[in-house]
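Visitor: Build the full structure now, drawing on both the sequences and the hints.
Spelled out from the first residue to the last, the chains are:
Number of protein chains: 2
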Amino acid sequence: MSNAIPAAAKDQPDASSSSGSKSAVDLPAGTITVKSTFVSRLVSLLAIGLALSLIFNSQEDASLYDPLKACVGFSILAYLITVNLIPILAPEFVRVGFFGKDLGKKDRPVIAETMGAVCAVVYLVSMFFFIPFLFYKYYVTSTSGGGNREQGYDAAVELLHKGRALRMFPHSKLAEYLAALLSLFSMLVLGVADDLFDIRWRNKLFMPAIAALPMMFVYYVDFGVTRVVVPEFAYKVFFPESLAYPTTIDLGALYYVYMLSLAIFLPNSINILAGVNGLEAGQAFVIAIFLLLNDALYILPSRLFGLPEHPGTEAHLFSTYFTLPLVAVTLALLRFNWFPARVFVGDTYCYFAGMVLAQVGIVGHFAKTLMLFLVPQVFNFLYSAPQLFHLVDCPRHRLPKLNTETGLLEPSRVYFPTKPRKLQTLLLRTMSIFKLIHLEYDSKTGAIASASNMTLINLILTWTGPLREDRLALVLLLIQGFTCMVGLTARHTIAPIIFGRDNI
Amino acid sequence: MSNAIPAAAKDQPDASSSSGSKSAVDLPAGTITVKSTFVSRLVSLLAIGLALSLIFNSQEDASLYDPLKACVGFSILAYLITVNLIPILAPEFVRVGFFGKDLGKKDRPVIAETMGAVCAVVYLVSMFFFIPFLFYKYYVTSTSGGGNREQGYDAAVELLHKGRALRMFPHSKLAEYLAALLSLFSMLVLGVADDLFDIRWRNKLFMPAIAALPMMFVYYVDFGVTRVVVPEFAYKVFFPESLAYPTTIDLGALYYVYMLSLAIFLPNSINILAGVNGLEAGQAFVIAIFLLLNDALYILPSRLFGLPEHPGTEAHLFSTYFTLPLVAVTLALLRFNWFPARVFVGDTYCYFAGMVLAQVGIVGHFAKTLMLFLVPQVFNFLYSAPQLFHLVDCPRHRLPKLNTETGLLEPSRVYFPTKPRKLQTLLLRTMSIFKLIHLEYDSKTGAIASASNMTLINLILTWTGPLREDRLALVLLLIQGFTCMVGLTARHTIAPIIFGRDNI
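Just so you know, the protein sequences line up as chains A and B, in that order.
The first sequence maps to residues 3 to 506 in the numbering used here.
The second sequence maps to residues 3 to 506 in the numbering used here.
Hints may contain errors.
To be verified - What follows is a set of in silico ranges between Cβ atoms, one per label pair, in the way DEER data are often shown: (1) A:205 to B:252: 45 to 53 angstroms; (2) A:208 to B:90: 13 to 21 angstroms; (3) A:256 to B:311: 36 to 44 angstroms.
To be verified - Not close to chain A: a few residues of chain B, all C-beta gaps over 12 angstroms, as computed: (4) 52; (5) 82; (6) 436.
Hints were generated in silico from the structure; no laboratory data involved.
The C-beta atom is built at its ideal place from N, Cα and C for all residues, glycine as well.
Guide: Written out as structure tokens, the structure is:
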């Protein structure tokens, strides 16, 4: 949730009230002014040309056709379309009730909400168009060359070839791809429904599990791999009497529970670590970049240096096809969502991006590696737990508070009008000792009067002191990037040692 | 489009203004009061029991498991869920801006719009849950009986069996199923977007084509059947020099154009033949029923009388799996959308239902038969064409007009302040001769002053005279049913004669 009033059309955006803003002319609320220069148009044209040449690479020989290049091409197009659509659609979104007030600014401007829906639609449509290119080599017969498909006396032979090529068509991969898109569509619908209706937590918490159903089924049918690699020492601890050391143990149904949990956790955790301009899209961007780096470690060695192909190449290519367009639309979104935000991303974006990341991890069978990239999210969730589960009071909004004099953000606080209970006091004092919380005491009774809210964002602010919104976002994203870097390094240096070998 | 003010949240629903309505107490706008009696609850419980027993039919032997029964079970559940969800969600929809005024009533009550979204979501979720049941027999190994899967020394053998069963898994069918669901999800998103933003015609006309892309691709890969049966005489007319009579001709790419046209035409045509309580859902219901009857003619003979299975059984089972849940959610919707409507269906419903019907025809490869069931839609489109393409003026709304004194609906009219051009006059007079339009003349100049609007609904009213809204809907649905009946009969009596044989 962005730092916005819920998008319910309770009060209409009132452009005239934002008298402090410069553009308080007659423009409809949510208008974004974009300068279009000659250079920017030229760059766009060149980018379109590049994208098309990548999409239609080496058509003359279908067997050489590279879907990865096409994916890069489609991502470029997706970026360009999103970056041009958002300014067009923002006022429309405000008009129909998707808007919020940016509480992190002095004049609390009304800006468009739920722009993640634009990203999601562009993403999905470009994935639709990508399908024939992804499977190009399977259904186009190799002809005598020059790209001309014989229509003459060779036609019958060609038909036979075609029949054969189609019989080899990887329907299971297609089903996988389609199931992944289905799950994403479900999340788009869920996200928009949440932005519209403000669905209650208990109702929406398990909805991603329904969205993940087709993917789970395809996983069951196609892989059925529920074995995970365990470190030798861990195995010896739990099964000391065992003589042989199996490199994997079968988690069975538990593995499906784990995958479902991931599908539930990821969208919601991105949705919780939010409320600062650019943070929702920024964290998804950073995680996606590291997923791509991880994929590259599998794909590139064989491509660039002619090394033998890693057995996981296929899965990591698949992961790239889903991650790259996400990076593209997210980058476009960030151009408008970065401080000072001109649009909000909405729950739609958080759910959608979270689900893309979750399913990339699931289908690519590197769900454990994915967790290494989610340290800030997991920390934020655990750290928030006392408030989420009402051990400590939880105010409706826990966003950092704007100090209107300095223009800087300060940690927001939860106040205790009555003296906290013993258990609460113990918890709060313990956290305070480890600098995990900032407490204020009642000057008379000495009881705890208030505490900083338990979110990673507030925690950073208690450590650094007040920050401007963009600096705060930057600090958070740097932490994300740093933990991801540590995770990626650990995955490819320490993990092989612990697990005895690299993952196959 | 229902006879509603566009759902844009320009003015808030004002429950107090509808002072004529009985429920003008303090209930939120859009509230639907549903009586829940002991009997109705008992019936619901029994229905749930029946549905579950159908879904989990003959579990002890996977090879006997019948997905058709499960489909009936899921449809019952879908009906029950929809019928209970609509009253809960209607006020919520009104709250966030999905509402319209029913112009066909004296007091123009404000009721919830876009209830088709509820139907679509229930439909899609039940299709999600149906997936494992549809493919049950392929991934469950046959065991020694009694439903217990051996875990003992047979486990290894079982695993082998399972591996084999999974290798036989019909991934192409799964891909087909998932692609169809993807197209439906796209239409849901498009429909909601249209209800929210009132997308312009030229922008939304071709969107169903994008939604149909995955389906087209799967069709291309799996069937690639672009040959259609042509009647012998037609073939002889066009190719008189040909000696042999090929039973089919290959339409090639044209067949894909035809399928795309169908995907564009059906959703839009249902959306055009609308504006009377119960008509949108009613027509989809009638068409779906006749599709089911057509399917039954292929499926039932072998099931009931032990006749050899028709080669088209598979395709028609597939069609049934998609049509039956549509019938269920539509029936639930009709309970609230029938005169006097307490909810509107929204563009969402029209698009969604239209796409279900279109893809059933496409994937089942009986797109021609489908056209036989669409006579009123095709007629309405052709009849509307002069106004749609602005040969004759087209007012913003062409809904029948309520005569507030009689309470009956009368044809709405298009007025000509200036004398119509010669071509227009010729067209209008010719139509008038064939009783296809009702004209009024200026008493002084003798020029055409006004004409009834060119929609099937207005045409019926010019023939029958003013009708109450529910009677009008009934007449239109009877016409739909009658033409469908004629079409179905023709399909199975005349068509085999014309085409020389029955379709395989």
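Visitor: All hints are to be evaluated individually against the structure, with a verdict given for each.
Guide: For each hint, the structure was consulted:
1. Distance hint check: the CB atoms of residue 205 (chain A) and residue 252 (chain B) are about 52 angstroms apart, consistent with the given range 45 to 53 angstroms.
2. Range check, residue 208 (chain A) to residue 90 (chain B): Cβ separation about 18 angstroms, and the 13 to 21 angstroms hint holds.
3. The beta-carbon spacing between residue 256 (chain A) and residue 311 (chain B), approximately 41 angstroms, falls within the hinted interval of 36 to 44 angstroms.
4. The claim that residue 52 (chain B) lies off the interface holds: its Cβ sits roughly 24 angstroms from the closest Cβ of chain A, which is beyond the 12 angstroms cut-off.
5. No Cβ of chain A approaches the Cβ of residue 82 (chain B) within 12 angstroms, the least distance being about 18 angstroms, so the stated non-interface status holds.
6. Separation of residue 436 (chain B) from chain A is adequate, the least Cβ-Cβ distance of about 44 angstroms exceeding the 12 angstroms criterion.
Of the numbered hints listed earlier, not one is contradicted by the structure.
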